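> Here's the letter readout for the chains.
There are 2 protein chains.
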Amino acid sequence: MASPEPVERPAATCLTAARRPDDIIKIMLATDNHIGYLERDPVRGQDAMDTFEEILKLAVKYDVDFILLAGDLFHENRPSREVLFRTMALLREHTLSDKPVQVELLSNPDDGKADGFSFPAINYEDPNLNVGIPVFSIHGNHDDPQGAGHEGALCALDLLSVAGLINYIGKIDLASDQKDPNSDSGGIKVKPVLLQKGNTRLALYGMGNIKDQRMHYELRTNRVRIVKHGPQEYVPEGMFDDSINLVVWGHEHDCRIEPEEVPGKPYFITQPGSSVATSLSDGESIPKQVAFLEIQGKEFQMTPIPLRTVRPFVMEELILSEEAEEHGFSLTDKMEINKFLRSRRENVGEEDEEDDTAPPKEMLPLVRLKVDTTGVPEMSNPIRFGQEFQGRVANPKDLLVFTRQKKSAQKAVKIDKPELSIDDPDLSTQNKLARVRFAQLVEEYLGAQELQLLGENGMGDAIQMYVDKDDSTAIKEYVSA
Amino acid sequence: MASPEPVERPAATCLTAARRPDDIIKIMLATDNHIGYLERDPVRGQDAMDTFEEILKLAVKYDVDFILLAGDLFHENRPSREVLFRTMALLREHTLSDKPVQVELLSNPDDGKADGFSFPAINYEDPNLNVGIPVFSIHGNHDDPQGAGHEGALCALDLLSVAGLINYIGKIDLASDQKDPNSDSGGIKVKPVLLQKGNTRLALYGMGNIKDQRMHYELRTNRVRIVKHGPQEYVPEGMFDDSINLVVWGHEHDCRIEPEEVPGKPYFITQPGSSVATSLSDGESIPKQVAFLEIQGKEFQMTPIPLRTVRPFVMEELILSEEAEEHGFSLTDKMEINKFLRSRRENVGEEDEEDDTAPPKEMLPLVRLKVDTTGVPEMSNPIRFGQEFQGRVANPKDLLVFTRQKKSAQKAVKIDKPELSIDDPDLSTQNKLARVRFAQLVEEYLGAQELQLLGENGMGDAIQMYVDKDDSTAIKEYVSA
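Chains as they are written, first to last, in UniProt numbering: chain A, 1 to 481; chain B, 1 to 481.
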């Protein structure tokens, strides 16, 4: 298929030079597919899987050189047998083929291979497999390596990888680390996958969630303390050194896929966001997209692609006391309140009806009606309220939620916290101090490390960010062209 | 590698005709690998895995056309991530290659394929995979399909199958069955895999454990009752019709791999036995073997191959009162008894020292000392006794077991019951009656079924056997040349 028309953009995110198809690395970019989310839900059970399949089909349609996933492919750390089975089947169906892979691997295909086995870590380098579209993925915080079996800590991606269905990158090399903590070869290794197509070269730095790894540091240095999660915000954008061109963030579910410039820095950041809503928060109601990324020489261009299989999600917030005043009903009259809420629910989402990119009508929408009940003496049962909409919304059980204004504005934010969030705005002074000391430790520790791309300070900052923010920012991919 | 020298055998189990290599189907036959058994045990944790690898290597060494496994590849129904990972890695390492597969598939490669996907059920028919040695396997009672997800009941073998690493045969087709219990297409389907090499044709009938299937029958017909397991014995050998040449039994762990003639019938039975001991019973102490099976025309020849990685296992039984009399110690003197037992333990297995097929000396042996303590007032703690042998035997915790003679000889058998056994010699009259009625039901039910190889009576008998014996005989493979 022909590449889409270029769109007007800041220079560095457009291919300004003449297109030389043989030099253009084409990537399908997606993340946080959360396959298996609510898999037992009779309505929503296949949502994440269906959208993952859509993404694979888009990759075929756009004839990409590879697919890049930035973590949380699976929602559960130990996906069910059904989820693993179907994910493997989808990958085999859509990514194995006799289509020649045009990106040449320049780095060692054995980097990260299974210990004691001869097959390579990169599936398309295995002469026994016909890989048409390689998939590269890091793990997220949901599907990170756990346990300490004979093979070391493994994650669900390891199963896909050993089956030759994905290329699992950005795993933490605990092995060399554990053998000798003082060895120069220990610590965090960020080794790139080096790819070339025509005259375009790409260094792909994957970095999965490192919570466990940090725990190891802390255990080893007798600095084990419970580090609370930091406030939810994006990582300062100056933490990467100048050789980075594009940073792909995983973990955060809001779609901010259009590359954003970083003031004073030559690189851009894109946050594709999840391909399925795992909470009914504002951020998740932003339309879900993946991106078709083209790289030619030092330029890249990103074309967002709206996903068609995503269940529609509309939300509305209202303050009941204000509505009562405006519409003239009493805050003590439960029946009147219910009648009003019912009318509001009926209207929610109506304006989307004409949108021709909307999913098929038979797909029940997710609806969240968030009602501030401050000043209302008694409310009906929200679950019973939702039952009236059974068969008309996908989430009758949590359609309606009540909130009450808290004394502190900061605490009120918690109400909005998505289910997925592992962040916590509350943090004690003691913990903050602990983190400061830990940052110094990391700085010293990293002095001796092999850090091929990021400078020592950059990595020190990065580690500090992990400590400050726990997992919320630890999941990312660096793309350096 | 050249085929091994023929061994003298009853005519029908030898290739008497001149060898025509292009017509000889070569099979590595093994079963009940129980990968994952005791995987957390620091000494024995990798035993089952190591022996499975040995079997794969033997298959490569003997240049077989395929590997045939008769169930219980995995010990746990939900094998750990580590076990799945390593099993997949071993299969990928040893069975994928560019060696051409010389057995042509005559039956439909899509029989049993994943619903809604295009890749075939038989891995070497997938043009995207280079399969050198196909593996065919049924499930056992340990790794049978469970759950009822979007994909129907799945088992661990489905994961290996969807990854293209094994060919899972003999699964129960519940789907068509559940849709319409009165439909002719329902019931048990035993569809063969049809293979040809040169002038030799082979029909491979796989039949996995069907406990769940039986439960469905019973539920549907309101005849749900707890059917106790029947007494442990081999299935009557007359239950197969005349088109069967060789029956491969799984489930039973004793190695009886030399084909046994069935009086009045033209077929043979082989029971390879497990490749790892999962109980310390008499049967498990028989040396573990797999078989190299050659089929040419209507003849076959089986060459047992002792496994080298199997942990040595020696057991001894003694009656303490007799020993006390012979060696002149008192049954009330705990120290004397311990001293005697210690001396007996030291001797157990010594006679194997000179056996040059024995595994490496550094492999700690399994030892079971079974002591009849009838008449002895008080015994020491057998676990404490075993601790003395820590580092010298693989199973210090259950080295020593005490038994006492029961009033009924039948009950005494229970002492010997292997851990794996799902059989129970006790069965109430009520349950026996229930089984009789159920057998009639099955006979009627099967009248309408599609049964391509076994006659209706044969299958009726077979089902009756399942009912009588629960799982102990439900796992088998039919090989019909």
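Worth flagging that the hints you see were computed from the coordinates, not collected in a lab.
These numbers were taken from a predicted model, which means no experiment stands behind them.
Built from N, CA and C at the ideal position, the CB exists for glycine as well.
Just to be clear, a hint being listed does not mean it is correct.
[To be verified] Covered stretches of chain B, going by a simulated chain A footprint (3 or more residues, C-beta under 8 Å):
hint : stretch
1    : 70-82
2    : 91-97
3    : 157-171
[Said to hold, decoys possible] Computed cross-link-like contacts, DSS-like style, restricted to lysine-lysine with a CA-CA straight-line distance of at most 30 Å:
hint : chain 1 : residue 1 : chain 2 : residue 2
4    : A       : Lys298    : A       : Lys61
5    : A       : Lys191    : A       : Lys99
6    : A       : Lys57     : B       : Lys197
7    : B       : Lys61     : A       : Lys113
8    : B       : Lys61     : A       : Lys99
9    : B       : Lys99     : A       : Lys113
10   : B       : Lys334    : B       : Lys370
11   : A       : Lys99     : A       : Lys61
12   : A       : Lys99     : B       : Lys113
13   : B       : Lys191    : B       : Lys334
14   : B       : Lys197    : B       : Lys99
15   : A       : Lys113    : A       : Lys197
16   : B       : Lys397    : B       : Lys334
17   : A       : Lys99     : A       : Lys339
18   : B       : Lys397    : A       : Lys113
19   : B       : Lys370    : B       : Lys191
20   : B       : Lys113    : B       : Lys197
21   : A       : Lys191    : A       : Lys397
22   : A       : Lys61     : B       : Lys113
23   : A       : Lys191    : A       : Lys113
24   : B       : Lys370    : B       : Lys397
> All the hints need checking, so say for each whether the structure fits it.
A quick look at each hint next to the structure:
Judged by the Cβ-Cβ criterion of 8 Å, the stretch 70-82 of chain B is covered by chain A as claimed, because 4 of its residues qualify and three suffice. Given a C-beta distance limit of less than 8 Å, the hint that chain A covers the stretch 91-97 of chain B holds, as 4 residues qualify and 3 suffice. Interface restraint, the stretch 157-171 of chain B with chain A: holds (6 residues with C-beta to C-beta distance below 8 Å; minimum three). A distance of roughly 25 Å separates the Cα atoms of A/Lys298 and A/Lys61; the hinted pair therefore holds under the 30 Å criterion.
Using a Cα cut-off of 30 Å, the hinted pair A/Lys191 and A/Lys99 holds, with the two alpha carbons roughly 28 Å apart. Note on A/Lys57 and B/Lys197: the hinted pairing is violated, with a Cα-Cα distance of about 39 Å set against a maximum of 30 Å. With a C-alpha separation of about 25 Å, the suggested pairing of B/Lys61 with A/Lys113 holds against the 30 Å cut-off. At roughly 34 Å between alpha-carbon atoms, B/Lys61 and A/Lys99 are farther apart than 30 Å, so this suggested pair is violated.
Between B/Lys99 and A/Lys113 the CA atoms are separated by roughly 23 Å; this keeps the pair inside 30 Å, and the hint holds. The straight-line distance between the Cα atoms of B/Lys334 and B/Lys370 is roughly 17 Å, inside the 30 Å bound, and the hint therefore holds. Taking the CA atoms of A/Lys99 and A/Lys61, the gap is about 13 Å. The hint holds against a cut of 30 Å. Only pairs whose Cα atoms come within 30 Å are accepted, and A/Lys99 paired with B/Lys113 is accepted, the gap being roughly 23 Å.
Between B/Lys191 and B/Lys334, the direct Cα distance comes to roughly 61 Å. Violation of the 30 Å bound is thereby established for this hinted pair. Annotation: proposed proximity of B/Lys197 to B/Lys99 holds, straight-line Cα distance about 15 Å (limit 30 Å). Under the criterion of a C-alpha separation no larger than 30 Å, the hint pairing A/Lys113 with A/Lys197 is consistent with the structure, at around 23 Å. Distance restraint check for B/Lys397 and B/Lys334: the Cα-Cα separation of roughly 19 Å lies within the 30 Å cut-off, and the hinted pair is therefore satisfied.
Taking the CA atoms of A/Lys99 and A/Lys339, the gap is about 59 Å. The hint is violated against a cut of 30 Å. With a C-alpha separation of about 37 Å, the suggested pair B/Lys397 and A/Lys113 falls outside the 30 Å cut-off, and the hint is violated. With a CA separation close to 46 Å, the supplied pair B/Lys370 and B/Lys191 exceeds the 30 Å bound. For the hint pairing B/Lys113 with B/Lys197, the CA-to-CA distance comes to about 23 Å; that is within 30 Å, so the pair holds.
Between A/Lys191 and A/Lys397 the alpha-carbon distance is near 46 Å, which puts this suggested pair outside the 30 Å criterion. The straight-line distance between the Cα atoms of A/Lys61 and B/Lys113 is roughly 25 Å, inside the 30 Å bound, and the hint therefore holds. Simply put, A/Lys191 and A/Lys113 have alpha-carbon atoms about 13 Å apart, close enough for the 30 Å limit, and the pair holds. With a CA separation close to 13 Å, the supplied pair B/Lys370 and B/Lys397 stays within the 30 Å bound.
Hints 6, 8, 13, 17, 18, 19 and 21, counting from the list given before, are not met by this structure.
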